[in-house]
Structures are given as C-alpha cells and as structure tokens.
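*Asks:* Here are the chains, one letter per residue:
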Amino acid sequence: MTELSIDHVSRWFGNVVAVNDITMTIGPGVTGLLGPNGAGKSTLINMMGGFLAPSTGTVTLDGRAVWGNEQIYRHIGIVPEREAMYDFLTGYEFVLANAELHGLGERAAQRALATVEMEYAQDRKVATYSKGMRQRVKMASALVHEPSLLLLDEPFNGMDPRQRMQLMDLLRRMGDEGRTVLFSSHILEEVEQLAAHIEVIVAGRHAASGDFRRIRRLMTDRPHRYLVRSSDDRALAAALIADPSTAGIEVDVAEGALHIQAVDFGRFTALLPRVARDKGIRLLTVSPSDESLESVFSYLVAA
Amino acid sequence: MYDPTVARLTYRGLLGRRRALILGALPVLLIVLSLAVRGFGGADDQVAADVLGGFALATMVPIIGVIAGTGAIGPEIDDGSVVYLLSKPVKRPTIIFTKLIVAIAVTMVFSAVPTLVAGLLLNGNGQQIAVAYTVAALVASIAYAAIFLLLGTVTRHAVVFGLVYALVWEALFGSLVSGARTLSVQQWALAVAQEVAGGDLVTSDVGLPTAVVLLLVVTAGATWYAGQKLRRLTLAGEE
Numbered sequence: 001m002t003e004l005s006i007d008h009v010s011r012w013f014g015n016v017v018a019v020n021d022i023t024m025t026i027g028p029g030v031t032g033l034l035g036p037n038g039a040g041k042s043t044l045i046n047m048m049g050g051f052l053a054p055s056t057g058t059v060t061l062d063g064r065a066v067w068g069n070e071q072i073y074r075h076i077g078i079v080p081e082r083e084a085m086y087d088f089l090t091g092y093e094f095v096l097a098n099a100e101l102h103g104l105g106e107r108a109a110q111r112a113l114a115t116v117e118m119e120y121a122q123d124r125k126v127a128t129y130s131k132g133m134r135q136r137v138k139m140a141s142a143l144v145h146e147p148s149l150l151l152l153d154e155p156f157n158g159m160d161p162r163q164r165m166q167l168m169d170l171l172r173r174m175g176d177e178g179r180t181v182l183f184s185s186h187i188l189e190e191v192e193q194l195a196a197h198i199e200v201i202v203a204g205r206h207a208a209s210g211d212f213r214r215i216r217r218l219m220t221d222r223p224h225r226y227l228v229r230s231s232d233d234r235a236l237a238a239a240l241i242a243d244p245s246t247a248g249i250e251v252d253v254a255e256g257a258l259h260i261q262a263v264d265f266g267r268f269t270a271l272l273p274r275v276a277r278d279k280g281i282r283l284l285t286v287s288p289s290d291e292s293l294e295s296v297f298s299y300l301v302a303a
Numbered sequence: 001m002y003d004p005t006v007a008r009l010t011y012r013g014l015l016g017r018r019r020a021l022i023l024g025a026l027p028v029l030l031i032v033l034s035l036a037v038r039g040f041g042g043a044d045d046q047v048a049a050d051v052l053g054g055f056a057l058a059t060m061v062p063i064i065g066v067i068a069g070t071g072a073i074g075p076e077i078d079d080g081s082v083v084y085l086l087s088k089p090v091k092r093p094t095i096i097f098t099k100l101i102v103a104i105a106v107t108m109v110f111s112a113v114p115t116l117v118a119g120l121l122l123n124g125n126g127q128q129i130a131v132a133y134t135v136a137a138l139v140a141s142i143a144y145a146a147i148f149l150l151l152g153t154v155t156r157h158a159v160v161f162g163l164v165y166a167l168v169w170e171a172l173f174g175s176l177v178s179g180a181r182t183l184s185v186q187q188w189a190l191a192v193a194q195e196v197a198g199g200d201l202v203t204s205d206v207g208l209p210t211a212v213v214l215l216l217v218v219t220a221g222a223t224w225y226a227g228q229k230l231r232r233l234t235l236a237g238e239e
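Sequence lines, in order, name chains A and B.
The first sequence begins at 1 in full-length UniProt numbering and counts up by one.
The second sequence begins at 1 in full-length UniProt numbering and counts up by one.
Bound-form chain A, shown alone (with noise of 0.2 Å):
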C-alpha cells in the first residue's frame, strides 16, 4: 500500500506564496485535485513528484522523502502537463527510453504501449501527434515500470470526449488495481465523474477533502446572486421576496436591476419563470452574478 503523506507544505517564490501550509495524505485509489486555475495546483504536484523543494515542510512516500531522492522514481510515475517531449522520436522510441533509464527494456515498453492503445501509432514521430495521443504516450512512458504512485497534471485538458472516457477508464483501472493515482483538474464534473476522493485547492490553501458528493453539495447548496432585469423591477421584487428560497433583493435604480440572494438554488430558479409568467412581467436579463469558479472555490473555502 502507496501513501503520499504531505505535511505542513509551504512553498512561495519570492513575496508570493503558492502553497500554503497544506497537509494531506493520498492512499490508494484515485483522488482528485481540485481547483481553480493558478490555485497552486501544479506547484503542490511539482513537490509531490520531487521537482520543486518545499520551503518548509516534508513530501514523503511511505516514509521515504521525495526531494532530491532519485531512486523514489522506481515507485512513482508521472504525467507533466507541459507538452514537449522530444518530439524527433517515434512514440515507441520514447516509451523504450523511458523504460531504459528504469533499467527495462523492450517488453515494459510494448507491455505500456499496449496498456494505453497506443501500438498502431507507435512507429509515427510523436511531433506528428494529436494531443490526445500525446497524452496517452506520456501515460505509456509513465506506466513502463509500473508504478505505485501515478502523478498526473491535468490530464483531461485539451482531449475530446471520447479520449477522456478512454483516460478516465484507464485511471479508473490502475486505482481498482490498488494504485495511488492522484490528478489535478480545475473542473468540477471531470473530478466528479472520477474520484471517489477530493482534495480542493483554493489560492495555496487546502480548502476541503473528502468525497465527492458532500463537496458538490456544498458547492451547489452556497447562497447564489443573480442580476435580474425585468419589465417592472419592484412588482417581481415584492413577489420574489415572499418566498423563502430568496434571502434578500436590492433594487438597484441606478442600474436598471434587481440584485437578488437566493439561498435555494433549485427552488429559486423554478420560481423565478413561474412568478413572472403569473404577474405578467417579461425577464430580460437573468444572469448569476458570481458564477465565476473563483467565487464558487471561495465560498467552499469560507465553509
């Protein structure tokens, strides 16, 4: 059994703090890192796979520090998410060097190349690649050793639907198979459709951890704003303030608006159409206010 153990983990470069005191521990099975972009995510996966030294705290792999040890990578595979990856070789000729500077050779790299589907293009030069299958080739070149900790950041951007069911079905494997797969998204529903576990990353801090369901639920269940603009702002008002999904409605007569504070997104948002049709008022702009993903992890950070 892989556990990653981050404890106390800062980093900052210059006056500016990346990462912000974050302790978590990924075992077994696929978990996933969540958060907006710029949110500290590729710093936090640069120091779990020993590329960045925290500036204070310890990553450590079931004891053993991942800074500045090089036979750690025996047990850790990675998928940077920057795309240069000599790209004068041929995918196979890239997955055989992978597997020989594991001290493997032909077979890890066929066995990977199979893993992945990516045999019928292995003898093409990877410049003249998709990026789904750039994608997958890195996964290749990861896997060659077979790793018990799989480092990926973020994986899914920029592959088509039918490359991400294929992705996610092969990381949904390697976690079944009792591996420590961790990858970074800064897409809720990607996470979501994946990970049983979730750790959320907001501004370099550790916002919230655990399952799924109970960090969606709080996502959805945050008071939401909209701007609403109709053909008689106080008469939707009055009716809107009547309901309990509504907190609170400030007329805005400068802006032509109301500003609105629902507390039930469901609730409210079959109301709204519902009240207008009744009183005859016309929408003509209903627009959330603070959709924003930003705004979506800052309220999850404040919960």
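Keep in mind that the hints are not guaranteed to be accurate.
Stated by the list, open to error - Simulated crosslink set (SDA-like; lysine to any residue; CA at most 25 Å straight-line):
| id | chain 1 | residue 1 | chain 2 | residue 2 |
| --- | --- | --- | --- | --- |
| 1 | A | Lys-131 | A | Gly-103 |
| 2 | A | Lys-125 | B | Gly-80 |
| 3 | B | Lys-229 | A | Glu-83 |
| 4 | B | Lys-229 | A | Asn-69 |
| 5 | B | Lys-91 | A | His-197 |
| 6 | A | Lys-279 | A | Leu-240 |
| 7 | A | Lys-125 | B | Ile-22 |
| 8 | A | Lys-131 | B | Asp-78 |
| 9 | B | Lys-229 | A | Thr-2 |
| 10 | B | Lys-91 | A | Gly-63 |
| 11 | A | Lys-125 | A | Gly-68 |
| 12 | B | Lys-229 | A | Thr-58 |
| 13 | A | Lys-125 | B | Ala-7 |
| 14 | B | Lys-91 | B | Arg-156 |
Since the hints were derived computationally from the structure, they do not count as laboratory data.
We have chain A already, so just place chain B on it with the hints.
*Replies:* Below, chain B without anything else, positioned relative to chain A:
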C-alpha cells in the same frame, strides 16, 4: 557514470534539428576559405597559421562549443522535456557526465576534424601547423563543452551568454587586455598546440603547466557544478 540512453537522446536532439545545419555551416566555411586561400596564394605557413588561429580556433571552435554544449541540455530544460530524465532512478551527475561526453564528441567532430582538413589544404601540415591546431581544437572542445554545458543548466539565455563569452571575451577583450588571455580557453589550447608545433608560428600567452592545470580545473569544476545544479533543478509549474 555513462548512460547510453541519455547519450542517444542527447545526440539525436543535437543533430536532428536545425542545429545540425548551423553546426555544419562553419566547418564548410572554413574549408571553402582554406581552398580559396590556397588557390589564390599558394601554400604559406604564416597564412595557414593565421587562418587556423584566427578563424578556426578563435571563432569556429568556441561557436561550435556553444551550440553543442548548451544544446546538449538547454532546450530540454527550456521546454520541460528534461522531466523525463529527472523522473528516473538515474543519478544526476550521470546525466551531466553523459551529456558532456556527447557534447565533447560533437564539438570535436565538427571543429577538430575540419581544422585538420583545412590545415592539410592550406599548407599540407608544414611545420606541424595542421596537427598543432587540431590538437588545440581537440583540447579546447573538452573545456568549451564543459563550460557551455554548465551554462545550459544555469540560464535560459545560455546561447547568448556563450556567444558573448566566445566572441567578446575570447576574441575582442582577450586581444585588448593581456590579463584576460590567462583566463581564455583558446590560450590554454594554444599552449598545448605550441608544444606540438615547436616553432614560433604557434604561440600562447600562457605557460603549458598553467594551461593544463586550468583546463583540468575548469572542465572538472564546470561538470561537477552542473551535476549539482541539475540535482537541485526546479521545474516551475506553468501557472
């Protein structure tokens, strides 16, 4: 200490891209120049020494050294593909040493071999000039490869710094300030060449013992330090 897979990746990267064209251009120019000089002026020992010393050793060898030395590792660090070497149970100094061997070999092939050919064309190795400068090119290849490999691991602008060193320090500054010549790979290599040629056509400002010590110290020191840099190399994320 030497990993054949790292070597294969390195020389294929070095010789596969546009770099091979640049590596080949200067030697071709040297040989064309030598043919022209021989054709117009006939064989002349002084002219041969001037061409080999002024163009081959002072300009071509350091530039080839910059391209091969920095190119052996710089692009991989730059585009991040070095992660595939670093995420392996391979010692960092082994990676550096292997890349150094490849860089030295490539520099030698693209600088020492054309120097010998050019020398033979210019005056048929009269007064051992061709062999002396070839030895100088071989010796300089080792030191340049080590220095520029280190440069490739410490800065993203290794090629620029390398060219500044090769052209400004060695060629320009060295001819103006005599002290700068003591710290010049070119002068160290010339000290060895002087020993080979024996005459007064090939001379160095640095004595042979000093030159040999400095060559060894710089090559070993640069290689060791590059290994340390790679061990602590940080791959920053894209965010």
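*Asks:* Now tell me, hint by hint, if it's right for this structure.
*Replies:* So, going through the hints one by one against the coordinates:
1. Annotation: proposed proximity of Lys-131 of chain A to Gly-103 of chain A is violated, straight-line Cα distance about 28 Å (limit 25 Å).
2. A hinted pair counts as satisfied when its Cα atoms are at most 25 Å apart, and Lys-125 of chain A with Gly-80 of chain B qualifies at roughly 19 Å.
3. Straight-line distance between C-alpha atoms of Lys-229 of chain B and Glu-83 of chain A comes to about 24 Å, which keeps the hinted pair within the 25 Å bound.
4. Distance check on the hinted pair: Lys-229 of chain B and Asn-69 of chain A sit about 15 Å apart at the alpha-carbon level, within 25 Å; holds.
5. Among the hinted pairs, Lys-91 of chain B with His-197 of chain A is inconsistent with the structure: their alpha-carbon atoms are about 35 Å apart, more than 25 Å.
6. A distance of roughly 11 Å separates the Cα atoms of Lys-279 of chain A and Leu-240 of chain A; the hinted pair therefore holds under the 25 Å criterion.
7. At roughly 23 Å between alpha-carbon atoms, Lys-125 of chain A and Ile-22 of chain B fall within 25 Å of each other, so this suggested pair holds.
8. Between Lys-131 of chain A and Asp-78 of chain B the CA atoms are separated by roughly 20 Å; this keeps the pair inside 25 Å, and the hint holds.
9. With a C-alpha separation of about 30 Å, the suggested pairing of Lys-229 of chain B with Thr-2 of chain A is violated against the 25 Å cut-off.
10. A distance of roughly 21 Å separates the Cα atoms of Lys-91 of chain B and Gly-63 of chain A; the hinted pair therefore holds under the 25 Å criterion.
11. A C-alpha spacing of about 33 Å is found between Lys-125 of chain A and Gly-68 of chain A, which places the hinted pair above 25 Å, so the restraint is violated.
12. A hinted pair counts as satisfied when its Cα atoms are at most 25 Å apart, and Lys-229 of chain B with Thr-58 of chain A qualifies at roughly 21 Å.
13. Restraint check for Lys-125 of chain A and Ala-7 of chain B: satisfied, since their Cα atoms lie roughly 19 Å apart, inside the 25 Å limit.
14. With a C-alpha separation of about 23 Å, the suggested pair Lys-91 of chain B and Arg-156 of chain B falls inside the 25 Å cut-off, and the hint holds.
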